[in-house]
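Make a model of the complete structure from these sequences and hints.
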Amino acid sequence: MRAIARRLYGAVRELPILSPHGHVDPRLLLEDAPFADPASLLISPDHYVTRLLHAGGVQLGESGVGQGPLPEPQARQVWRRLCENWKLFRGTPVRYWLEAELAEIFGVDERPSAESADRIYDHLAMRLADPAYRPRALFRRFGIEALATTDDPCDDLSAHRALAADPGWDGRVVPTFRPDRYLEAGEEGWPALVKRLGEAADVDVADFSGFVGALEARRRYFIEHGATSADHSHADVRTDPLSPAEADRIYREALAGTAGRAETIALRRHLLLEMARMSCEDGLVMTLHPAVRRNHHTPTFRSFGSDTGHDIPLRAEFTDALRPLLERYGTAEGFQLVLFTLDETVFSREIAPLAGFYPSVYAGAPWWFLDAPDAIRRYRRAVTETAGFSRTSGFVDDTRAFCSIPARHDMSRRLDCGFLAELVAEHRLEEDEAAEIAVELVTVNPRKAFKL
Amino acid sequence: MRAIARRLYGAVRELPILSPHGHVDPRLLLEDAPFADPASLLISPDHYVTRLLHAGGVQLGESGVGQGPLPEPQARQVWRRLCENWKLFRGTPVRYWLEAELAEIFGVDERPSAESADRIYDHLAMRLADPAYRPRALFRRFGIEALATTDDPCDDLSAHRALAADPGWDGRVVPTFRPDRYLEAGEEGWPALVKRLGEAADVDVADFSGFVGALEARRRYFIEHGATSADHSHADVRTDPLSPAEADRIYREALAGTAGRAETIALRRHLLLEMARMSCEDGLVMTLHPAVRRNHHTPTFRSFGSDTGHDIPLRAEFTDALRPLLERYGTAEGFQLVLFTLDETVFSREIAPLAGFYPSVYAGAPWWFLDAPDAIRRYRRAVTETAGFSRTSGFVDDTRAFCSIPARHDMSRRLDCGFLAELVAEHRLEEDEAAEIAVELVTVNPRKAFKL
Amino acid sequence: MRAIARRLYGAVRELPILSPHGHVDPRLLLEDAPFADPASLLISPDHYVTRLLHAGGVQLGESGVGQGPLPEPQARQVWRRLCENWKLFRGTPVRYWLEAELAEIFGVDERPSAESADRIYDHLAMRLADPAYRPRALFRRFGIEALATTDDPCDDLSAHRALAADPGWDGRVVPTFRPDRYLEAGEEGWPALVKRLGEAADVDVADFSGFVGALEARRRYFIEHGATSADHSHADVRTDPLSPAEADRIYREALAGTAGRAETIALRRHLLLEMARMSCEDGLVMTLHPAVRRNHHTPTFRSFGSDTGHDIPLRAEFTDALRPLLERYGTAEGFQLVLFTLDETVFSREIAPLAGFYPSVYAGAPWWFLDAPDAIRRYRRAVTETAGFSRTSGFVDDTRAFCSIPARHDMSRRLDCGFLAELVAEHRLEEDEAAEIAVELVTVNPRKAFKL
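Protein chains in written order, with the numbering used here: chain B, 27 to 478; chain V, 27 to 478; chain X, 27 to 478.
Calculated directly from the structure, the hints in this document are not laboratory data. It cannot be assumed that every hint is accurate.
Just so you know, same-sequence chains aren't split out, so a pair can sit in one copy or run between any two.
Straight-line alpha carbon distances no greater than 16 Å define the calculated EDC-like cross-link-like pairs of lysine to aspartate or glutamate that follow [said to hold, decoys possible]: (1) K113 with E456; (2) K477 with E40; (3) K474 with E136; (4) K113 with D458; (5) K113 with E466; (6) K221 with D181; (7) K113 with E462; (8) K113 with E457; (9) K221 with D144.
This is the structure:
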């Protein structure tokens, strides 16, 4: 089985990386400045790393969270904390990724520990000063063919524009339309967001149809700048329609601050359905990442903001929630809907059955907490028997840790090849078929699912 | 481990097939006419096949869905579509079943593809013209000892009667009582169904007790024709009792079309409890297949009817839902309740604990989307540690694809032997015990669980 | 892989047993009387055993349930029933435990069966008469370093006190505070319990603050007698706060028997939050075992009482339910919260993400129905990738079957070593790291998670 897996992997290991969903800042590549220090490159902005340190007793502040590039003594101290607590990461993918980054990108060949911390820090700092370790050089070295960022609808996308216009740059970096905040009319500050959206779109947003028009305008703007997807993450994926009058009434009340919680939720659900309609019209792939309780620990949120390691998953439900959407658009020409989850129970129960019938639906790759060896295997075992391989999205790294991109894609490739090798060894596939699938999973599938 | 598995499998591979739950039409065996064409035999009536083609872009009409036997050019065209899209099925059990059917029943030794489609079609068409490929000949060749069909309570079971009376036929084909539609008082057309039921039973159904009496009468009729089970599939399995007065009131209002949705659901739950009472009295095994949203895509339902590939599972709950039923009948002499699920989460959490205490409860075999190698392994791993082997139902094929019956049973036998071999290899069982279990799972368990 | 696993296991197999949660009666060790008979030692008090016999047709009365030590003919008859039905346990951990107990503790070398039943019975009865098989001798032979019992808040802990004062005894046996019944104001008999609690604590419990004070006093009493944990098991783990006035109002109405069901549930949820506050103050570890429908079959409960094999798990939810508690106390110095579940779906979705952020939260070991080889593997595979090893509690046997303690701990050690060996074989860990983890899981983790 290992021999088969190695043969399959041999054919995909060097293929270019398609990254259809992630959180790298395009300014990184535009400016191409040297990375400031090892800690703010590898630790402080990556909540995968800081959350486990936090659980192990290292306060977020001690990991440099929210502090940007750090003065050398502090950066070194943050780095030491990680190395001293290296044990915490045993058995986690964060460990594999960091290990792979250290070894393969930076040529570090010793294990992080209290004892080795300073030596490794010095080695990394030296490398970061080398032009070969600047963002663009790494982008090329990583073999990234296309990279999607995640962007606010009001973003002017100037970094994307400048990058595309830069004669010294031939990489492909595309924005992704992520309107979550604009759909949550019950959240503090929403009226101000609406105002900003109206300004960005140059559309009067006094009524609901104006608001919808502004969203449509911004989507067009994103498409003009290369976007292929719109990404959505709410507590649930219900898509129950409202009448136009009802939607308009709630919209106005929400702007006035008088709408109730049930009403603003109803408005969000209606808007998600509207987003699917827009996707049918403008062609943006719709991707759903639902069912996470964001900022679970309010005191931490107040001190450090969002994306600081305490978003905790919730039970998900797709079958009934998406029915209004799929009854309308599920077989619409060109419509594509990629379903992600942190609740594994829906893989075999809901996502695979939906993706195994609706031509629009793709089973999204294992995401976040599930982007790890055993979870990826469970995903393939849960989804494949009902939906095959063609209905899966291909890997997404979803990362803000730029240097982890190659390690993540490599891990996914190894695991898929391992899974395929199992099927071959059990006579469930022929090896030529497995080889074709292995290649398609990293070339055809993401390109197709995300219209890259 | 493979060597142990092979020894175990050697002892069961040729054993006769017991099929206690499925959807083969008894007229097929009564009439024993040659199958019309390869497409309407293997593709168009089998939603396992047409759903993935649909997801892959082949419209249901292009797969011949709902069109019965097809003229030769169309049948050939449907067959071509399948072969061209053979890739879609990689990694799915449909692929193993079709492959096994083609190779073992029809002697096809090449892989379906655009290029081979016509050759294979011609080969199959030639075979279907051969008397050795008529339904009765195949039934014998498959080694089917008993086959249960699924039938409407108003069915006069004339096909079963004629088959049993046919001196040229010695197979055992028994009906199964499936009253779902009669319990859903909130569905369109229910009053007409009630009327029909009253006529079939020759019972006055003006009030609720008459309706219950009519159901009882039809169950007796089924039992007289060999039925051993009553099968039920609703959105949930709640069994909350109503008072007689309340049941009667809702029943009358539902007949008059004035009952609310909550009321008709309450009536259905009460009726499910009544069904358990009847099972205690008349001895029919009660089997539950709950928690599927039927006909998820209404436009497809309107064009092609039900069972066309878009029934999507829902979350299931048994512990509280079945408590009223089990408090009353859970330890009743002779009562048997087989619990199936498409929501794997209940295997270890609810079904195995229930089957591990109540002498009436059996953990039903993996069903539908879960009737596949990895899912079957998950079932055994989730259920066995709490309920052992004796509390499991044995395999059910649940198929309307007649030719897939041997492949499905064979796959189940291989997988169970593989699982048992693992236990032996890990010293969790002795091999003589595993051998006994392997045989019992295909002989004793289904016979006992379904009173066959 | 097996070779690695054996090396790892070699280093942990002889390590002392820490049993931080279980149901052994301390009087057993205080009195140190010979065990009465094989049946009341190994069968009748152990609902793991009697439930499967019951499912297989052996009435609970025939297994001696609720009858205490049995006269010889009946004990022998109960033992025969088990041996005749030995097949029922194939593939279950009960089988491994009993087999291990028979072989390793009692030197039985033949398989239980109708034929061997009497011989084995005689052998066991002979051994039980030997002083080497008395409770204290076995405790030492098992290598138990610390054993936690589970005790009612009103218990005077005299057995613990006497045992600690006994000069002939040097084992460590600590009580655990288990106040469940006192928190369920909607249950029959609750006012009498409150009265008893007030008396035990010598506190006036006329109002809610008095009741809370009484609980605090009893916790202090338990701590003085060595307790390190408070254990809680309710239908859910919601922790929504009430205002003091609201809590007091419901408390008084519940005492008067006029509180509604929703109100007594609200009071219980508020009290669970209060329990966390007390844990922050007095340092008792808080352990949660939620989401089981206790005494599912009321007729059996009426005849045989609780803990008789028909507690059936429910769906669990932690993310939102624990949010009020974790917002307040999740990062409090010294607070520790161990989360157990019978609903595996929360391992990867909720428990591991919570334990991977909150320094207070530990992912509890697989419990009850999940304390079995395949379930334990699923636990490690689901939890480790998000929370690592350090955030897991270490094994708990949770048993009332004293003789099964070594077999259970041994099984857990073997399985963890097997899992670690897999990680090493897949290059996800170095072997020296795996060896360190294997030892820590049975020494550091339980000691730390339960403050033992």
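### Task
Could you tell me which of the hints above the structure violates, numbers in ascending order?
2, 3 and 9
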